[in-house]
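Student: Chain by chain, the residues:
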Amino acid sequence: MTLNSDFLRRFRRNRGAVAGLVALLMVGLVALLAPWLAAHDPWAMVGQPFLPPGQAPGLPLGSDALGRDVAAGLVHGARVSLLIALVATAVSLLLGITVGALAGYHGGWVDAGLMRFTELFQAVPGFALAIVVVAIFQPTLVSIVGAIALVSWPSVARLVRSEFLSLRQREFVAAAQLAGQGSLTIIFRQILPNAVSPIVVMGSLMVASSILMESGLSFLGLGDPNQMTWGYMVGAARTALRQAWWIAVFPGLAIALTVLALNLVGEGLSDGLNTRLGGRAR
Amino acid sequence: MKPALLIEGLSIRLPAGADRALAVEAVDLELPAGRTLCVVGESGSGKSMVANAVMGLLPRPQVAPVAGRILFEGRDLLALPEREWRRVRGCRIGMVFQEPMTSLNPVMRIGEQIGEVLDAHQPLPRAERRARIVGALGDVGLPDPATLIDSFPFRLSGGQRQRVMIAAALVLEPTLLIADEPTTALDVTTQAQILALMRDLQRRKGMSMLFITHDFGVVADIADEVAVMQRGRVVERGAARQLLNHPQHAYTQALIAAIPHGRTRASQAAGRPLLQVSGLCKTFRSGGGLFRRPREVPAAQAVDLHVDAGETLGVVGESGSGKSTLGRLLTGLIAADAGHIRFDGQELAADLRRRPRADRAAIQMVFQDPYASLNPRHVVGAAIAAGPIEQGMARAQALALARELLGRVGLDPEAADRYPHEFSGGQRQRIAIARALATRPRLIVADEPVSALDVSVQAQVLALFEQVRREFGLSLVFITHDLRVAAQMCDRLAVMKGGRIVETGDTATLLASPQHPYTRELLAAAPHFHSALEAAGA
Chain A
1 MTLNSDFLRR
11 FRRNRGAVAG
21 LVALLMVGLV
31 ALLAPWLAAH
41 DPWAMVGQPF
51 LPPGQAPGLP
61 LGSDALGRDV
71 AAGLVHGARV
81 SLLIALVATA
91 VSLLLGITVG
101 ALAGYHGGWV
111 DAGLMRFTEL
121 FQAVPGFALA
131 IVVVAIFQPT
141 LVSIVGAIAL
151 VSWPSVARLV
161 RSEFLSLRQR
171 EFVAAAQLAG
181 QGSLTIIFRQ
191 ILPNAVSPIV
201 VMGSLMVASS
211 ILMESGLSFL
221 GLGDPNQMTW
231 GYMVGAARTA
241 LRQAWWIAVF
251 PGLAIALTVL
261 ALNLVGEGLS
271 DGLNTRLGGR
281 AR
Chain B
1 MKPALLIEGL
11 SIRLPAGADR
21 ALAVEAVDLE
31 LPAGRTLCVV
41 GESGSGKSMV
51 ANAVMGLLPR
61 PQVAPVAGRI
71 LFEGRDLLAL
81 PEREWRRVRG
91 CRIGMVFQEP
101 MTSLNPVMRI
111 GEQIGEVLDA
121 HQPLPRAERR
131 ARIVGALGDV
141 GLPDPATLID
151 SFPFRLSGGQ
161 RQRVMIAAAL
171 VLEPTLLIAD
181 EPTTALDVTT
191 QAQILALMRD
201 LQRRKGMSML
211 FITHDFGVVA
221 DIADEVAVMQ
231 RGRVVERGAA
241 RQLLNHPQHA
251 YTQALIAAIP
261 HGRTRASQAA
271 GRPLLQVSGL
281 CKTFRSGGGL
291 FRRPREVPAA
301 QAVDLHVDAG
311 ETLGVVGESG
321 SGKSTLGRLL
331 TGLIAADAGH
341 IRFDGQELAA
351 DLRRRPRADR
361 AAIQMVFQDP
371 YASLNPRHVV
381 GAAIAAGPIE
391 QGMARAQALA
401 LARELLGRVG
411 LDPEAADRYP
421 HEFSGGQRQR
431 IAIARALATR
441 PRLIVADEPV
451 SALDVSVQAQ
461 VLALFEQVRR
471 EFGLSLVFIT
481 HDLRVAAQMC
491 DRLAVMKGGR
501 IVETGDTATL
511 LASPQHPYTR
521 ELLAAAPHFH
531 SALEAAGA
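Which chain is which? The protein sequence lines are A and B, in order. Counting from 1, position 221 in the first sequence corresponds to residue 221 in this note's numbering; the numbering is continuous, with no gaps. Counting from 1, position 248 in the second sequence corresponds to residue 248 in this note's numbering; the numbering is continuous, with no gaps.
To be clear, the hints were calculated from the coordinates, so they are not data collected in a lab. Using N, Cα and C, we set each Cβ at its ideal position, and we do this for glycine too. Don't take every hint at face value.
Unchecked claim - Computed footprint of chain B on chain A, listed as stretches where at least three residues anywhere in the stretch have a Cβ under 8 Å from a Cβ of chain B:
#, region
1, 170-182
2, 190-204
Claimed, not checked - To spell it out: a stretch of chain B is covered by chain A in this simulated footprint if at least three of its residues, at any positions, have a beta carbon under 8 Å from a beta carbon of chain A; those stretches are:
#, region
3, 347-361
4, 369-381
5, 386-393
Said to hold, decoys possible - Quick list of the computed label-pair ranges, beta carbon to beta carbon:
#, chain 1, residue 1, chain 2, residue 2, range
6, B, Arg520, A, Ser166, 37 to 47 Å
7, A, Arg116, B, Ala196, 46 to 56 Å
8, B, Glu173, A, Val196, 10 to 20 Å
9, B, Gln460, A, Met26, 53 to 63 Å
10, A, Glu119, B, Arg285, 17 to 27 Å
11, B, His121, A, Val110, 52 to 62 Å
12, B, Arg342, A, Pro193, 36 to 46 Å
13, A, Arg116, B, Ala302, 45 to 55 Å
14, A, Arg116, B, Ala338, 45 to 55 Å
15, A, Pro193, B, Gly320, 28 to 38 Å
16, A, Leu8, B, His121, 47 to 57 Å
17, A, Pro193, B, Ala349, 43 to 53 Å
18, B, Lys205, A, Pro193, 52 to 62 Å
19, B, Gly345, A, Pro193, 32 to 42 Å
Put together the whole structure using the sequences plus the hints.
Tutor: Here's what the structure looks like:
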C-alpha cells in the first residue's frame, strides 16, 4: 500500500507527467468513442473539397481533397494509431524481455549467441527494415504491427539483459538457488519484478516511437489502405499543403501531442518508480 | 593551550521526511593543537556530518547547519563565504575519505591529482611543483615516488591509493587533517600500516587530527581524545585512556561491551566428520573474447578441509584470499573445477543444480550484505517459505513454519507479512538466518555475516548464531576477516591466502602459537582493543 501511495506522490510531483497523462487519457477516450464522436464515416465524401475549418456546418476542421471530414479522420485515426502502437509495443516487450532475460541470466555462450542475433537487427536501420517487411508482406494491420515490433525489440532485449546481468549477482538470487528454485522460477519470480521499473518506462516511450513509425509508414503510402490513420492523412495532404494547410496540420498536431504526452508520462513513471528519489523537489 | 578546532553548539538540520529533524544536535567538540580527536559512533550517529560541516561539504540547502560555531584559526567557518572557504579547504584543512577506490580520478595521473591541490592554492614553477609532489609521495611511504608520479591509479592497491589521498591532503602542510573512516575499506594488515603512517605524520608535522571511525579498536590505537556520538548528540567525551577504561555513559559502556572480546571457547565438536573437502580447485577466467586469452585468477588451489558435526570452522583471510569463493564452492553456488566434496559420507556434485533436492537443503548460506540478500519485492514470509515449498512442503505449512522461525530468531512472527525495506540491517540478518534454517540444513555457511553491521548489532547477531547452532544441532563454516569474531565463534580456524589454506588448527592453539608467517602478520595487525588498553594502562 505504502509503495503505491509513494509512487503516486512522486508521479504527481512531476506536473508535466500529470498533464501528459490527462492528454493521453483524452486521446484514449476519443479513440474508444470514435464511432459516436465522429459525425461522418472518415472515408465518406460529405462536402465540397478543400473547405477551410469552420466554413461549413458539420465540418469543424474542414474537408480534404476529396471532400472527406478531417475531424472524423482525426478521431478514427486515433483508434488505429493507438491500437497499432500498443500491440506493437506489447509484442516487442514480450520478445525483448524473453531474449534479454535468458541472455542476462545464463550468460556465457547463451548470452553471446542471443546478443549476436539481436545485433543482426540492430545493424539494419530500423525504419528501412520496417519498410522492407511491410513491402514484402503487403500493408495490413498485422504486418505493420509485426514490422514495428521487429525493429523495436532489440533495445528492450539490451535493457533487460543489462538489468539481469547486475541483478543476478545479488545475493537473494544465490539464496533462491540454495532454496532449490529452478532457473525459470528465479527469472520470473525473483529477478523480473526487480527489473520492472525501467521496462515500464521504456515501454511508455516505445508506444510513442511506434506511433511515429506507423505514421511514417502511412505517410510513405505503406499504411493499411483500409484504415484511416494520422500518418496517412498527413501523407495524403502533402500535395495540397499550400492551398489547404488544415488537412496536414491537424493530424500532424495530433501525432506531436500524443508523442509528447507519452514522453512526459514516461518521465513521470521513471520518477515515480525510482524509490531513491525521496526528497527531490521539482 | 588554544584548541586547533573548537565546535560549539553545532546543529545540522536534515530535510523534511528524514527519520529525525536534526542530524547533529548541539554538539560541542574541542581538538587541542597537535592532538588526535576520535569521533566514534554507529552508522547514522551523525559523525560524518560533523566532519563534512568542518569542511563545508554539506549538501546544502537540504542539509545545513542551523546553529553553533566552528572556530578554526580564530574564524567561524560557518560564517565564511564560499570564496573564503576555498582558501581554507585543502590549504589549511586537509581531508581523507573512506573509499580509496573511488576518491581518485581513474583517468588522471597520480601526480596531477596532487598537483591540482597545489595549483589551486600555491602556483609553483614546474620543476619545483614536481619536486613538491615527489616529496609528498615519499612522505607517505610510497615506493619509488619519481616513477609513481606518472602512473595511473589502477596500478595501485587500496592501501597505496589511500597513501596517495593522504599525500594530497598533506601536500600544503595543513594544520588540521580530517579523516573520515580512512581505514574502514582496507584489510587489517593495510589498516595497521595506514594507522601507523597517520600517527607518525601527525607527530612529525605537529598537525591536529579529527578522526571519524566506528571501530573502537582503531580508537584505542590512535586517539588522544574521544567523543562518542549517538543519534546526533555527543553522549560522552574525554581523554582516550580514561574514557575507554572507565566509560561513564550507558551507551559507551554498551558499545565497549559489544566489542568482540576475542576470547576462545571450549570446543563443541562431536568428532564425527560431516563435511570433507579434498583438492578443491577453482580458477576464474575473465575478460576473454573470441580472439583474446582470458585473464586467469586462481581463487582456490587444492583446498582440503573438514568440518565435524556440531563444529564451527572459521575461515579467515583478507580480501582476495578466496575465502568467499570457498564458501560458494562448498554450497555449490560456484562449481569447482576439480576436487571432491563429501557430505555425511556421500559425494556431492560440484554444481548445486546437479545435486538432488534433499542434498540442496542440507547446506544453506547466510550472506554478507543484509540489503542485497533479501528480494525487495517479496514479503519476508514468502522468502523464508520458498525453500520448504521447493522441498515439497505444502504452502500453508511452509508459511506457518516461516512464522515459527521468525519467532525463533527473535522477531515478531507478524514480520512475515512485511517487506524487507521495513527492517534494519540487523533484523534483516535475522531474517536471513531464519531463511537458512527453513530447509532444516545440517551445515550453514556464513559469509561475513556481521561485517556490514554496527558493533552492538553485531554482538546480538553473533549470539543468535551461537543460539541456533546449539538449538538446531548445526555445523557452521564461518567466513570472516575479523580475527576477534573468529576467535570467539569458532572451534577451529583455517587461514587463507591467495586461494590456499596456509594454516589450520584449533582456535586457541593457532592464535597462541601461529606457525605460518602470514598468520603471525595477520595477528599482529588486528586491532586488539582489549590488549591495546591493557598496554596503555600498564
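Student: Taking the earlier hints as the rules, which of them does this structure contradict?
Tutor: Per hint list: 8, 13, 14 and 17 violated.
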